[in-house]
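Chains as they are written, first to last, in the working numbering: chain A, 1 to 286; chain B, 1 to 286.
Hints are computed from structural coordinates only; laboratory data are not their basis.
Note that CB positions come from ideal geometry on N, CA and C, so glycine has one too.
Don't take every hint at face value.
Said to hold, decoys possible - In silico PhoX-like cross-links for lysine-lysine, where the CA-CA straight-line distance does not exceed 20 angstroms:
no. : chain 1 : residue 1 : chain 2 : residue 2
1   : A       : Lys-254   : A       : Lys-194
2   : A       : Lys-232   : A       : Lys-194
3   : B       : Lys-254   : B       : Lys-215
4   : A       : Lys-12    : B       : Lys-22
5   : B       : Lys-194   : B       : Lys-254
6   : B       : Lys-12    : B       : Lys-22
7   : A       : Lys-22    : B       : Lys-194
8   : A       : Lys-22    : A       : Lys-12
9   : B       : Lys-22    : A       : Lys-22
Unchecked claim - Here are the simulated distance ranges between beta carbons:
no. : chain 1 : residue 1 : chain 2 : residue 2 : range
10  : B       : Asp-67    : A       : Ala-280   : 45 to 51 angstroms
11  : B       : Ala-86    : A       : Glu-9     : 42 to 48 angstroms
12  : A       : Ala-189   : B       : Arg-42    : 40 to 46 angstroms
13  : B       : Arg-158   : A       : Lys-215   : 39 to 45 angstroms
14  : A       : Ala-86    : B       : Ser-6     : 32 to 38 angstroms
15  : B       : Asp-102   : A       : Leu-100   : 47 to 53 angstroms
16  : B       : Lys-22    : A       : Ala-86    : 30 to 36 angstroms
17  : A       : Pro-252   : B       : Glu-46    : 55 to 61 angstroms
18  : A       : Ser-104   : B       : Gln-2     : 35 to 41 angstroms
19  : A       : Arg-158   : B       : Arg-162   : 49 to 55 angstroms
20  : B       : Ser-6     : A       : Asp-49    : 24 to 30 angstroms
21  : B       : Ser-95    : A       : Glu-96    : 37 to 43 angstroms
Claimed, not checked - Some, not all, of what chain B presents toward chain A, calculated at C-beta under 8 angstroms:
no. : residue
22  : Tyr-79
23  : Ser-111
24  : Glu-169
25  : Asn-203
26  : Met-207
2 protein chains.
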Amino acid sequence: MQVIGSVEEMQKTSRALRAEGKRISLVPTMGYLHEGHLSLIRIARENSDAVIVSHYVNPAQFGPGEDFDSYPRDFNRDYELCEREAADIIFRPSSEGMYLPDHSVFVVEDSLSDLLEGAHRAGHFRGVLTIVAKLFNAALPDCAIFGSKDVQQLILIRRMVRDLNFPIEIISGPTVREHDGLALSSRNAYLSEKQRREALVLNRSLMRARELYDKGERDADVIRNTVHETLKEASGSELDYADVVDINSLRPVKHLDQPALVVLAVRFGNTRLIDNTVLAECNIEL
Amino acid sequence: MQVIGSVEEMQKTSRALRAEGKRISLVPTMGYLHEGHLSLIRIARENSDAVIVSHYVNPAQFGPGEDFDSYPRDFNRDYELCEREAADIIFRPSSEGMYLPDHSVFVVEDSLSDLLEGAHRAGHFRGVLTIVAKLFNAALPDCAIFGSKDVQQLILIRRMVRDLNFPIEIISGPTVREHDGLALSSRNAYLSEKQRREALVLNRSLMRARELYDKGERDADVIRNTVHETLKEASGSELDYADVVDINSLRPVKHLDQPALVVLAVRFGNTRLIDNTVLAECNIEL
Chain A
1 MQVIGSVEEM QKTSRALRAE GKRISLVPTM GYLHEGHLSL IRIARENSDA VIVSHYVNPA
61 QFGPGEDFDS YPRDFNRDYE LCEREAADII FRPSSEGMYL PDHSVFVVED SLSDLLEGAH
121 RAGHFRGVLT IVAKLFNAAL PDCAIFGSKD VQQLILIRRM VRDLNFPIEI ISGPTVREHD
181 GLALSSRNAY LSEKQRREAL VLNRSLMRAR ELYDKGERDA DVIRNTVHET LKEASGSELD
241 YADVVDINSL RPVKHLDQPA LVVLAVRFGN TRLIDNTVLA ECNIEL
Chain B
1 MQVIGSVEEM QKTSRALRAE GKRISLVPTM GYLHEGHLSL IRIARENSDA VIVSHYVNPA
61 QFGPGEDFDS YPRDFNRDYE LCEREAADII FRPSSEGMYL PDHSVFVVED SLSDLLEGAH
121 RAGHFRGVLT IVAKLFNAAL PDCAIFGSKD VQQLILIRRM VRDLNFPIEI ISGPTVREHD
181 GLALSSRNAY LSEKQRREAL VLNRSLMRAR ELYDKGERDA DVIRNTVHET LKEASGSELD
241 YADVVDINSL RPVKHLDQPA LVVLAVRFGN TRLIDNTVLA ECNIEL
C-alpha cells in the first residue's frame, strides 16, 4: 500500500493507473476509521481495480467552536486498517498543500445546503463540497463511495456531480450500526457511558417511525410526533432537529406518498450525533 | 471534424483520446468566432494532439438586461472556421443538457470576483467559473486556452484551477487587435460607425499608459489620470471603470514597483467594451 502526500503525485499516479486500464475508486474519509468506513472500502474494492482512501481532516467543514481541534486522529491505526482491507493507496495531503493562504474558490449549493445540517452548521456544506471537488480532481476516480449516515452530504454530492458534470459514479453504502443500533461515528468516542446509553434514542426513534410507516401510516405529522416523543426519553439530550422530509427537496412533507427521510440531529453535551432512515414502499438506493 | 452535443459523449470521446495517449486541449468559446478565438485554436494546436472547441452561449454569465438574447450567433460560419483551423471536435451542448431546471451547484470566488468586471456585472464570474468547471469536466482536457483580453476571467480561472486542483494547464493567448488597435470582440459587431471610431480611445489610453511607464513613470496616479483624460476624448462613451491594479490582488496600486494591469471598461450606448495592458519591467505571461 502506497501513501501519497501531494496532489500532483496523486494525479500522476491515478493517470498512470487509468492508462493501465484500471478502474479507480475513492473513499473520502477524515480518518479515525471505524467499521462504517471499512464497509465503504469493501464496496470500493468490489467496484474497482484500485482503491484510494483519502485521509484528511478538513478544517473548512468545521464551524467556529466545533470540534476540529479535538477531532480524533490516529494515522498508524488507520494505516493498518486500510492495509487489512487491501486498499491500494492512502491519499494523505497536508493542510498547507490543500489550502493556500489566499485560497478563495469554493463550491456552493443554493437550494438544499441551508436546510437541516446546513441550518445548524453555517458553511458546513460549502466546506464539504469544496474539499470533495478538490479530492475528486486530485484522485480522478471513476467512482466514489459515501456513507448513508450523512444523507444530506450524500444528496449534495450527487447534486454537485450532476451539476458540475464530474465524470464520477457516486455509490452509497448503508449505515453501519453497533449491535444495539447506534450508528457508527468517529464522534461516538466523545460520549460518556451514560450518554452512550441515552444515544440509543436516535435509532429507537427511527425504528418507531419505520414501524408506523410499515403498518400503513402515511400522515407525516403522526410519525413526526412519535419521533419527537421518543427523543424526549433521553433526559440529557438537546434536539437540533427531527423531521420527515422529501428525499429530493429535503423539505418537510405532509403525506407520505413519495419516498421520504426521517432525519435527526441530537446533542449530548458537546457531542452532536445524526442519523436517518428512509420511508419508502420499495427499496431506494440513496 | 466531429460535433458532439452531449456531456456523456464528450467525456467518452476524451477518455478514448487519452487512452490513445493523446494530449487534449480545450478552447472555450461562446461562438461567433473572430481572429482572437482562431489565434487561441492555433495555440491549442501547438500544445496538443486533439483540439476541442466548445461552443456555448452561457446564459448564467449574463446579468438581467444584458445581451444574452441579442448575442451574435452563426454556427455554420463557426463550423467552417473551426474546420479551417483543423480543430478536431466542436463541443456544442444544448442549454437543457447544461442546466437542469433545478441546477443549484455553483463555483464561486470570494476575493477577486467582486472587483472590476464583477462590480459591474453581478453574478458574472459565478456564471463564468461554473460553466468553465462544467466544460473542464465534460472535455477533460490537459490544457485550456483563454484570451488575455478578459484578463480578470483569466486570473480567476487560474485561481479556480489552483484552488480546486483541476489537473489542467491554463495557457493564455495575447489580445488580438484590428489594424487600428481595437481589441477584437464579438460585441464589436454592435458598434455604429461613429462608435467604432470612438472605441479606439480604449487602446489609445492603454498606449499612453505604457508610454509613460516605459519612460520611467512609477506613480500609478499619474498614469491613472492620463488614462482618464484620454478616455474623455470619446464624447459618446460612458466609463464603467479605468484603473491601475496589482496583477495578483486586482486592487488599485500606488507605486508601480510590482507588475500591474491597466484595466478599462467603457460603454458606447448599450455596447460594453473592455481592454487591458500589463505594466511590468519584464515580459509577464498572464
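Given hint Lys-12 of chain A paired with Lys-22 of chain A - CA-CA distance at most 20 angstroms: 14 angstroms, holds
Do the alpha carbons of Lys-232 of chain A and Lys-194 of chain A lie within 20 angstroms of each other, as the hint requires? Holds, at roughly 15 angstroms.
Can you confirm whether the C-alpha distance between Lys-254 of chain B and Lys-215 of chain B stays at or below 20 angstroms? Holds. Lys-254 of chain B to Lys-215 of chain B sits at ~17 angstroms (cutoff 20 angstroms).
Proposed proximity, Lys-194 of chain B with Lys-22 of chain A (alpha carbon, max 20 angstroms): 61 angstroms, violated
Given the range 37 to 43 angstroms, decide if the beta-carbon distance of Ser-95 of chain B to Glu-96 of chain A lies inside it. 41 angstroms, holds
Holds or violated: Asn-203 of chain B as interface residue toward chain A, Cβ cutoff 8 angstroms? It is violated, given that the least Cβ distance between Asn-203 of chain B and chain A is near 31 angstroms, above 8 angstroms.
Distance restraint hint 40 to 46 angstroms, applied to the beta-carbon atoms of Ala-189 of chain A and Arg-42 of chain B: Given range 40 to 46 angstroms: violated, Cβ gap about 59 angstroms.
Between Pro-252 of chain A and Glu-46 of chain B, does the C-beta distance stay in 55 to 61 angstroms? Check passed, 57 angstroms falls within 55 to 61 angstroms.
Chain A contact restraint for Met-207 of chain B - C-beta distance below 8 angstroms: 32 angstroms, violated
Quick check on Tyr-79 of chain B please, does its C-beta sit within 8 angstroms of some C-beta on chain A? 24 angstroms, violated
Range agreement (Cβ of Glu-9 of chain A with Cβ of Ala-86 of chain B, hint 42 to 48 angstroms): 35 angstroms, violated
Looking only at beta-carbon atoms, does the pair Asp-102 of chain B, Leu-100 of chain A fall within the given range of 47 to 53 angstroms? 33 angstroms, violated
Of the numbered hints stated above, those contradicted by the structure are hints 1, 5, 7, 11, 12, 13, 15, 19, 22, 24, 25, 26, listed in ascending order.
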